[in-house]
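Novice: Fit chain U to the given chain G structure using the hints.
As a plain string of letters, each chain reads:
2 protein chains.
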Amino acid sequence: MIDFPDLADIVESTPSKIVMLVVDGLGGAPHPDTGKSELETANLPNLNRLARESAGGRTVPVLPGIAPGSGPGHLALFGYDPLKYFIGRGVLEALGIDVPLKKGEVAARGNFATIGGDGLLTDRRAGRIPSNEAKPLAELLNTIEVAGVDLEVRHVEGYRFVLVLRGQGLSDKVTETDPQRTGAAPLPVKPLAPEAWKTADAVNQFVAQAREVLSTQKRANMVLLRGFSELPSFPNFGKAYKLKPAAIAAYPMYRGLAQVVGMEVIPGCHSFEEEVQTLHRTWKEHDFFYIHYKYADAAGEDGNFAAKVKTLEEMDAYIPRILELSPDVFIVAGDHATPSIMAAHGWQPVPFLLRSKLTKGEGAAAFNERACAAGSIGTIQAQHLMLLALSHAGKLIKYGP
Amino acid sequence: MIDFPDLADIVESTPSKIVMLVVDGLGGAPHPDTGKSELETANLPNLNRLARESAGGRTVPVLPGIAPGSGPGHLALFGYDPLKYFIGRGVLEALGIDVPLKKGEVAARGNFATIGGDGLLTDRRAGRIPSNEAKPLAELLNTIEVAGVDLEVRHVEGYRFVLVLRGQGLSDKVTETDPQRTGAAPLPVKPLAPEAWKTADAVNQFVAQAREVLSTQKRANMVLLRGFSELPSFPNFGKAYKLKPAAIAAYPMYRGLAQVVGMEVIPGCHSFEEEVQTLHRTWKEHDFFYIHYKYADAAGEDGNFAAKVKTLEEMDAYIPRILELSPDVFIVAGDHATPSIMAAHGWQPVPFLLRSKLTKGEGAAAFNERACAAGSIGTIQAQHLMLLALSHAGKLIKYGP
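Chains as they are written, first to last, in the numbering used here: chain G, 665 to 1065; chain U, 665 to 1065.
Okay, chain G solo, but in the shape it has when bound (with noise of 0.2 Å):
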């Protein structure tokens, strides 16, 4: 949670209801070719109405510079420090694919890597082996048994794949045995406290068989673990807020991240048209809503500007479906940008809009980056934003006297 004394006190349970739409990798950059953002480019007659109305600004995911992954960029705009609670590699790899995480367990970030007659990696990614050449090969590392020890392995994509730790007396303090380099030869796993003794011999146990186990293969013929970690214990969204909120996403990464932080998570989503009904359908049982547009970001990580402009005209038109619920506060916002003319997550303020009944007289005059630079809000640290939602929405009283 922010770094809010006795936030406790002056936060209230009313009946109002708050809408976060969070659109993955929402922020971008002027092409320079036209000196336009994708938001500037895109024909979005509903937010840029909307925005009108709206209270405009933009977010800080963590610092200016920072880059963040969608673990700190999500946690931030929940209102939780993204440099004080994180969520470790192979916990989110493994929420990114609906693999069941309980306390106590460790997963760790697989990848599959060649190395040569010397035991020396030649490549970290084993050539970037496609899905179909990996997937066998992960489940064949799946029947490795060690002793005292329950583990999985799941595919993930192309050269990646997801180790899970279950059983007793395990801990995520051991180190990794990627280099991070080639040349280097992988390293065994080591302890960093008296209690990963037997998480790290299970390891090194797993890769000496994986090893074994792969030795026929021609690229895929060893595997690097990084990002052991374990399931975090965070304070609880719907309870610090005094909230019953909902998570609706389709892809099960973002359904982790809410489940990380205590939200109710709603099943059965497979795209937004599906988040969209699901949200109606569950309109009268919550009071905070956070709904989760994937598209924008997989088009800027392709570096492919045209198709994010597509992806944010495609969700503009989900817009009115979303207004006609009528929420007091809604919110649509970003856990960072994905310039397409970086093809990567950026560092850049994400804008925002939030649109109350108190907003109405402060319109932005559209829905992008400058636009929203120049809206009444202005800059803000991303993790600030809950505080005007709940602000918005009647639920803050008054600090101090």
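If you're looking for bench data, these hints aren't it; they were derived computationally from the structure.
Watch out, some of these pointers could steer you wrong.
Identical chains blur together in the list; that is why a pair holds if it fits in one copy or across any two.
Lysine-lysine pairs mimicking BS3-like chemistry, simulated, CA-CA at most 30 Å apart [to be verified]:
hint, residue 1, residue 2
1, 903, 862
2, 799, 1062
3, 903, 766
4, 1024, 906
Model, not experiment: these values are computed from the prediction.
Specialist: Just chain U now, kept in the frame of chain G:
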């Protein structure tokens, strides 16, 4: 004080003079019909002219979304982190009606309330009884005696009063009697620390006697007490900034706030006219002047947009009288927004202007929320404003070699 290491090393005392005019509840929000805020609607020839020679900006009193009371709002403008320095409700209420308080004395905010025959609360504010009905009852409570403690009860306004406990061995570490809801019984006061037994016992005796004394009343037949607090010990404003500060305020609470940070409070003002006269009279004796304008907040709290516009126009007429003194730095700022459309303190950033010999070329277009957001200073934490005041006055030297 703000979290700046070695401030003392870079602050110098110089002959330059700073005037900080704090307009209570200065900030507003656009009216939904016109899209213009109170400041944008008002005819402010002097302030708008001044803005064109001033650096403009906006202050965030505490955090985005947090609407502060007068205490945190003023402390931030004086450079105190409002999340670290806190003045209790009882103390602020006592200061607000000029009840003298010394260290070690405990003040509480009191409400008259209504209980039924079963002892359960039916109205936490005794039907909001008017002052003429409540004042004699407060005087009745003032006759209550408890062994070992001096009690003082003073009527504030409507259903509100202040209880002050004086004597040896008192502590504010006690629980409140207000259960914060009707249908519940008032709570007994409990000590939260070993040194608070005497206080808890004395307050419980007071409440028992108050219930007796009020038993014939229909509405105000009980009291509720909360916000037990002592005068806090804050770093001295004048010492920290090497200033000889004067506080000029017609309303007692603001004199009280200035007293808490150790300013010299100039007595004898009952109107803003008298405040401005006092500013002229004491000009030679001080190098920092905090001068307070109350009326904008009152109109905003009433939700009276037109009245707030009028109070701002009345304030504008005084600006030339202040400028006559040629302060080296003149600041017009607000402790918080009080948007008329909210009829309450708001969380919105508050516009300010700062004029010094250095700002002539960087003028803001006008004095209002929008123009100041686009001003040369931008949006800052309120607690940093004093640093700008000192720098523009030539009182802050370079930090670090």
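Novice: Run every hint past the structure and note whether it holds.
Specialist: Hints versus structure:
1. In this assembly of identical chains, the alpha carbons of residue 903 and residue 862 never lie at most 30 Å apart, being 36 Å within a copy and 36 Å across copies at closest.
2. For a Cα distance limit of 30 Å, the shortest separation of residue 799 from residue 1062 across copies, 27 Å, qualifies, whereas the shortest one inside one copy, 55 Å, does not.
3. In the homo-oligomer, the alpha carbons of residue 903 and residue 766 lie at most 30 Å apart inside one protomer (20 Å), although the nearest pairing across protomers, at 39 Å, exceeds that limit.
4. Proximity of residue 1024 to residue 906 under the C-alpha cut-off of 30 Å is restricted to the intra-copy arrangement: shortest distance 26 Å within a copy versus 45 Å between copies.
Hint 1 alone, counting from the list given before, is not met by this structure.
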